[in-house]
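Enquirer: Hey, can you piece these two chains together into the complex? The hints should help.
Respectively, the protein sequence lines represent chains A and B.
Going left to right, the first sequence walks through residues 1 to 492 as the numbering used here numbers them.
Going left to right, the second sequence walks through residues 493 to 713 as the numbering used here numbers them.
Hints in this document: simulated from the structure, not taken from any laboratory.
Where is the CB? At the ideal position from N, CA and C, for every residue including glycine.
Heads up, a few of these hints could be off.
Said to hold, decoys possible - Computed footprint of chain A on chain B, listed as stretches where at least three residues anywhere in the stretch have a Cβ under 8 Å from a Cβ of chain A:
hint, region
1, 538-545
2, 560-574
3, 644-654
4, 662-676
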Amino acid sequence: MTLATLFDNPLLLILAIPLASAGFLAVLPSWRLASWLNIVVSGTTFAASLSLFVRRPEPTKLLFIDDFNVYLVALTTFVGFTTSLFSAGYIARESAAARLSDLHLRFYHSMYQAFLFTMLLALSANNTGVMWVAVEAATLTTVLMVSLYRSREAIEAAWKYFILCSVGIGLALFGTTLVYLAAQPVMGDGADAMAWTLLIGQAAKFQPDLLNLAFVFLLVGYGTKVGLAPLHAWLPDAHAEGPTPISAVLSGLLLNVALYALLRFKMLIAANPDTLAPGPLMVLMGLSSLFLSGFMLMRRGDIKRLFAYSSIEHMGVITFAFGMGGPLANFAGLLHMTMHSLTKSGIFFAVGAITQNLGTKRLNEITGLTVSHPALGWGLAIAVLAIAGMPPMGVFMSEFLVVSSTFARQPLLAVPLIIGLLIAFAALATRLTAMLFGDPQPAQRGHGPASGLSTALAYGPLWLHVALVMVAGLYLPAPLVAWFETVAKMLG
Amino acid sequence: MSQQFSYEIAHLIGATQLMAGFGLLYQRRVFAVLNTFAFQALALAAAAAWQAHVQHAPHLYVTAAIALLFKALAVPFALHWLVEKLGIHRTVETALSIGWTMIVGVALVALSIMLVLPVTAAASALTRESLALAMSVVLLGMLMMITRRNAVTQVVGFMALENGLILAAVSAKGMPLVVEISIAFSVLVAMTVFGIFFFRIRERFDSLDVAYLESYRGDRS
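In isolation and in its complexed conformation, chain B is listed as follows (with noise of 0.2 Å):
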């Protein structure tokens, strides 16, 4: 198999996740918003299990094993049970409208290939490239955390930017610990799903929304 063709594969699986990076900021209902992540984790599934294949390196295919059972599967269910179980509202609240965000969004992306592309000159190409996909999806996750205000869609968030670390952390060359690395940040994950059941947080994740920061600003008496 030809450098140029597994190169091919990589970057249309890594642009793949930033498209579900983008098609999780216009959704305006929460299911859609979880059955985008959903995809955005297959595609994530599908990049790591495609660099195991082209780095040899066997220990990758346990990080796709489980962005696919643990992201693309069990975490949507979880939170599509929560949302029904919780009552918890159905419509993503903003707190930048839909058309800003997106505006916002592919400035963030072109800043990422702006900054990456240049310093990464020494590095392969699949490197580069999946390195500044991984940083949009990243910023991109980040975004989506400040600009929407329920807490599932900000949990959403959280691990949308976790796809991008992994994407970055398979995508270089022999790093090790990935798959720890992936392990821990499944164990955040789990802690967040079981966070808002336990807690009940329902709303939405009030100290981050600006609003509520108003009347914040002393102390609770």
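Next comes chain A alone, as it looks inside the complex (with noise of 0.2 Å):
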């Protein structure tokens, strides 16, 4: 492949840079430059996923970009540039005090543009069997992200999310199997068979029994990385015990990969006539997943672990809602899934900062932000006010069109949906105002010294992603609102 073939198709160059940089920033000896390569790699990235707006490359055997997915792709480049600036500053701090190696950071910053690029190849991937490798690699290069600090429950949090979510995958692959199975008759043996761009426009005349046992599979494979209950044992651990950076990259982004995954599958469902409905089935698991975790979320001793399990409740709310299905419920679902990834990450940059301004992950030990650090508790008091679905935030936006919509077409449906919500909020608002009032604690306890520049990097993104939040409850702008009524349109 040559130099001008790269630039022709934006997409190869997009996948090609965190690939690139991956190699590289493996073998670079120096830490403190890696985490700037990163920025400006990162940037450059999210500066040519843009690009994807303008001209939109034609399909290809292996790759290809739509309605649906090219958002996704713009999104998960965008937090990846934010979380790159995030980290900088986090690993400056994790390093002056001593808590992580120099050839651990190598290493970090080598996954982390690994980890992006399996991301967007999973994203962008025009074959079934594709999408399974990356979503499997970004696995790997997850897990061995959490295990980063080698502690003793970064080593077990590590190994659970490893056997859970190679299970998870397995039984994706299985159905990825019987996908293939159910469209060789129709499509002939080989790539085409598993090529989601013609797939979809076959897809009626596939057998609908394979496509809904295969659904099955899918669901529960591609549900645990999602970590919708009752398959959500992994999540807490992997991003308690993982780096901050990697918890707001896993709850912002890497969930929403595994459900685009799902979605793409779904599209096919709904695209046999003669198929069962899989939406009862999502609804199901996306309200245990809100009541599973509202409660879980009441008894909380881990600033970590509580917004890991608001992560399972905000996927549980999003799986709902495309469980509904219609254009309204999809609409909102995919409101949902941009505005979940702006706040969640964050609100875990604001949490890496607070670890490392106090030196504790406690709860009980966190209060007083509003005082100490008014910056940094404003920021996250807004930010948790609006992950808890306040108005006028973006987030209260597409739960409001859930609960409407949902009201609309199975009120019965609506309570408990509507109970969950307000468990969740309770459990956070009473977890908010412990940690934003009372005595501010003694700051001689951080994780490194904060230099300005350090402070910068957390506070700004932070900062962002609060202000595209609040703009987003507002004020949407008509492009893409025209946008997702097109995608919610193609998801059936």
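Expert: Encoded structure:
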């Protein structure tokens, strides 16, 4: 492949940049330089992904971009970029506090780019098998990063994550094989029977029973990775024990990617009139995630676990919305995916700064933030209120849409949904007031000194995300709305 | 060679793999589990090679070679060495008695046959039977992961599950990327073996152990 073809197809460029950087950062000895380079390449990938809006490349055998994944690619590269900013400040303090060695940091930056590459590949793959391999590789890279601190807890969390998600993606592969078998009599042998762009047009002719069976495996398999109850056991541990920038991308991006994989298959099922409706299963799993996490939120003592459970809650709401289906609920689901991504990664930026400033993850040792760190405390306050669903932020709008569309069609289902949302809201609000007010903690226990730069790198992305979520709650640009509507129609 | 003959052979190899799957469930000693697993991987290699021959798909020989060299030889040897090196318990710890595990296993096989055969009416007999066998192997692997407590036996359970997945993939006629998928799985398996060694996960995978979950319901403080 020549350089010219690389620039001809922006999608190849978007994939090549993180892949090449992953290799280069692995051999770069200086972690300080690596953390800046990480920002530069993540920013370049983001810029390259914006070009997809201007000119969309033709689908190839392996890669494609359509209305659905283009916005997830852009979101992934954007959050990847802001997290790389936060990560640079975070890493500098961890290294100063001697919590991570130079070798670990080199490895960390390389894996960060490798992780972005695998997610972007999973999103843009035009082949069910390539998508599966990419999701599997994303699991591997994140397992390595979750175990980065090498503590007993970190290793156990990584092991649990690894085993549960390996079984999950194993089942997803079985589902993928079944979908191939359903498609093969119609499409013939070979890669055509695995290409999204070709499958979707012919899906009505596939054998419905085989698709039903496949979807059960895919829902359990990719659902494990989405963190849906009762398959969520890996998620809180993996979020709590890894480095905080990784918690931010796990929650903000990886869960979305797994859900995207599931939704693509749901589109196939929906395109076949004789299949069972996948909706009720998804609604059930969504509601159980919402309730389980709502109650779990009440009893958390660890700040990162708290927000990990909140991610399960929101993934539950999103899965519920897509399970309801129809233009309005799908619209709400898509909007919620975006809003949750932005808000939750913003919250993890704040959480990273808090744990470093105070030297603890225990919730009962985090008090009086508005007095000791006003910019951080109020940023966290807005972000947590946003994620809890307070108006006028973006999450409120999407949750409101989910609830109202459910009311219009299945009023009885709206009751447990509202109760679940209220439980989660109450739990988060009480936790938040305890963190914000009260006597501030003595400052000398933090990890490493906070330089002006590292503070700016932590607060900047936090406030950027908070601002975006607030603006989105008040005003969504018309092109964005039109575009969510198109995708919502595609999802059926 | 007649269609019937190639079907009989594939069926025989698949059934061997399933029997090995049951064999894994009733072993009481870790070394016996490893030997049984090596046998199952050998059967997978034979199944992949046979499919390569029947489907005229030479790339499946690569899958067969990976199954033979990596899973039937390298991994069992590595795990054998690990068990000795780390002083891991030589007896299998069960969460569910062996008798009950076998009964559940038989029920799972019945379930997969009842699920797969009706829905694959359109596919060839070869694909149908292989798929039912593969799904049984997958479910038995999961059963082993759930009912056995040592880290090593859980990893073996995962690899048995994976043997079933690869059997399904090679039996799906003309499925692309099978080689890539088996390589991706090999990387996963290599990582688990490496993980046991590097992190000295000796006794059990605590977090799947129900007894342990009782004390872990809140946060660790």
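Enquirer: For each hint, tell me whether it holds in the structure or not.
Expert: Hint check results:
no., hint, result
1, 538-545, "violated (count 0)"
2, 560-574, "violated (count 0)"
3, 644-654, "holds (count 4)"
4, 662-676, "holds (count 9)"
When held up to the earlier numbered hints, the structure conflicts with 1, 2 and fits the remainder.
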